[in-house]
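Asker: One line per chain: the protein sequences are A and B, in this order. To get the numbering used here, take the position in the first sequence, counting from 1, and add 9. To get the numbering used here, take the position in the second sequence, counting from 1, and add 7.
I should point out that these hints are in silico values taken from the structure, not numbers from a laboratory. Heads up, a few of these hints could be off.
[Claimed, not checked] Chain B residues, not near chain A, derived (Cβ > 10 Å throughout):
| hint | residue |
| --- | --- |
| 1 | ASP12 |
| 2 | VAL13 |
| 3 | ARG35 |
| 4 | PRO41 |
| 5 | SER64 |
| 6 | GLU66 |
| 7 | LEU67 |
| 8 | PHE73 |
| 9 | ARG141 |
| 10 | GLN154 |
| 11 | ASN175 |
| 12 | VAL180 |
| 13 | PHE231 |
| 14 | ARG232 |
| 15 | ALA257 |
| 16 | ALA265 |
[Claimed, not checked] Here are the simulated distance ranges between beta carbons:
| hint | chain 1 | residue 1 | chain 2 | residue 2 | range |
| --- | --- | --- | --- | --- | --- |
| 17 | B | ARG11 | A | SER87 | 25 to 31 Å |
| 18 | A | SER64 | B | ARG68 | 25 to 31 Å |
| 19 | B | ASP224 | A | ARG130 | 48 to 54 Å |
Model, not experiment: these values are computed from the prediction. From the three backbone atoms N, C-alpha and C, an ideal C-beta is built for every residue, glycine too.
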Amino acid sequence: MLIKRRNDSERVRAVFEAEALPHADRLFRLAMWLERDRAEAEDLVQETLMQALQSFDRYTPGTNCRAWLVTILHHVRSNRRRASGRLALVPDVDDRIASTTAFVPPIPEKLTDEDLLAALRTIPDQYQQVIVLCDVEEMTYKEISHALDIPLGTVMSRLHRGRTLLRAQLTHGEQQRGRTHHGMP
Amino acid sequence: MECRDVRELADSFLSEQLLVETTHDILRHLSQCPSCRAEIDSRRRLRTALRGAFERSPELRATPEFLASVGRQVREHHSSRSVGMSRWSFRPMMAIAASLLLVSAVAFGGREWLGTSLLHAVLGDHQNCAIRFRLNEKPISLEEAAQRFEPAYRSLVAVAPSPARLSNGDLTVLERHSCVYDGRRFAHIVLRYRGALVSVLVTPDRLARVPSELAVDGTRVSSFRAGRFAAFVVSSASERETREIAAAVAGPVKSALAGA
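Chain A extracted, bound-state conformation (with noise of 0.2 Å):
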């Protein structure tokens, strides 16, 4: 009997390694995003892949184990944020930012990694989230409205309206490098 526990323990140990553990420097990433320090990413790293083991029953082969971890480590990242009282209640600007981003503006040629990290730093976090992990960790909007656990219409304003804004960040980037660049204040 304990043979048998420990061979099944060994399958999931060794599907794990394969499956969920060659995601951790793509979290990381993720984490350090959102913690903007190497310690907290650290942890918040850990402890997901902690979580996910224990509950690696419950993922599902073939379903998409970034997706699955992403929404692990949001949900360790929220209770850890509301234990340590900094999980702020943010007013829903949606409306307010949807009012006064009516122009798209055009995406400058040239962009630099510096370039897109800053203004994508500059818009609120909660757009900066689903630009992340819509763009760079390429979930669908279903995987991120479980991971945020948002309704999908949601993830779906927030996407439109963070690229508005992010778009009229890297134009005003732009304008003011060119100013600088042509000796204007």
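Assemble the complex: chain A is given as a structure, and chain B must be docked to it using the hints.
Answerer: Below, chain B alone, put in the same frame as chain A:
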């Protein structure tokens, strides 16, 4: 489908979230509309650039040490569960550790379990770095390790035991550096106590459950936490002396790493 509809659905189109029919409608429109084609290309370029920026950013990259430690923790966590024992049950876990490490291990006062591979790395580093000087990778200065791997190592550059005079002899700092054993990086302070070498090994590991004391084949390990770090004092001195050395080191190490 008109340009306005295409712009509205452009992101969903790029994310392949649309129904097949809608996707075909958009493709049909794009084949006839250079302006919308340019817009879609531009959005696709932005997404690719964003993904690339994330992948290339050095600030967002995990260290190899961290990735290795995550793998180790998974294996340790697994071995602690696979035999159906409590993770908090120290004595039974040491029996497993003994079979894995082929060493005899006796707990004296410890209550929590130290992962076997962490214990292996701690004992291995003491033996192979402090005593035999035969590590695979050359140790580097704490300053260099702080720059490359863990900024908090810089705080340990000036740490000294307090008091330096214990009941049976002096505690002298011989060397400080950062070294790697079995994939785990430590800040290593080598001390001399009554002619024998003592290692103080510090490694970032918030999840490691450290026993306060244990003995493996005559080598004693006394451990303590310093924030997100686990610290170990390894010596061949007696139980009481090892405890005394750990007490002399714990305060300065903890205050050096406070807030790190």
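Asker: Decide, holds or violated, for the assertion that all CB atoms of chain A are farther than 10 Å from the CB of B/VAL13.
Answerer: 13 Å, holds
Asker: Is it correct that the beta-carbon of B/LEU67 has no partner in chain A closer than or equal to 10 Å?
Answerer: 4 Å, violated
Asker: Taking the shortest Cβ-to-Cβ distance between B/ASN175 and chain A, state whether it exceeds 10 Å.
Answerer: Its Cβ never comes within 10 Å of chain A, the nearest being 38 Å, so this holds.
Asker: Confirm or reject the claim that B/ASP224 and A/ARG130 have a C-beta distance inside 48 to 54 Å.
Answerer: The hint (48 to 54 Å, Cβ to Cβ) holds, given that B/ASP224 and A/ARG130 are roughly 53 Å apart.
Asker: B/ARG11 and A/SER87, beta-carbon distance inside 25 to 31 Å?
Answerer: The hinted range 25 to 31 Å is violated for B/ARG11 and A/SER87, with Cβ atoms some 37 Å apart.
Asker: Take a quick look at B/PHE231 and tell me if its Cβ sits farther than 10 Å from every Cβ on chain A, holds or violated.
Answerer: Holds: least Cβ distance 18 Å, greater than 10 Å.
Asker: Since B/VAL180 was said not to touch the interface, does its Cβ keep a gap of more than 10 Å from each Cβ of chain A?
Answerer: 27 Å, holds
Asker: Hey, is B/ASP12 genuinely clear of chain A, shortest beta carbon separation above 10 Å?
Answerer: 14 Å, holds
Asker: Is the Cβ of B/GLN154 farther than 10 Å from every Cβ of chain A?
Answerer: 14 Å, holds
Asker: Closest CB-CB distance from B/ARG35 to chain A, is it above 10 Å?
Answerer: Given a closest Cβ separation of 23 Å, the condition holds.
Asker: Just want to verify: B/ALA265 was marked as not at the interface with chain A; is every Cβ pair farther apart than 10 Å?
Answerer: It holds; B/ALA265 is separated from chain A by about 13 Å at its closest Cβ, greater than 10 Å.
Asker: Is the Cβ of B/ARG232 farther than 10 Å from every Cβ of chain A?
Answerer: Per Cβ check, B/ARG232 is outside 10 Å of chain A; nearest 14 Å; holds.
In summary, the numbered hints that this structure violates are 5, 6, 7, 8, 17.
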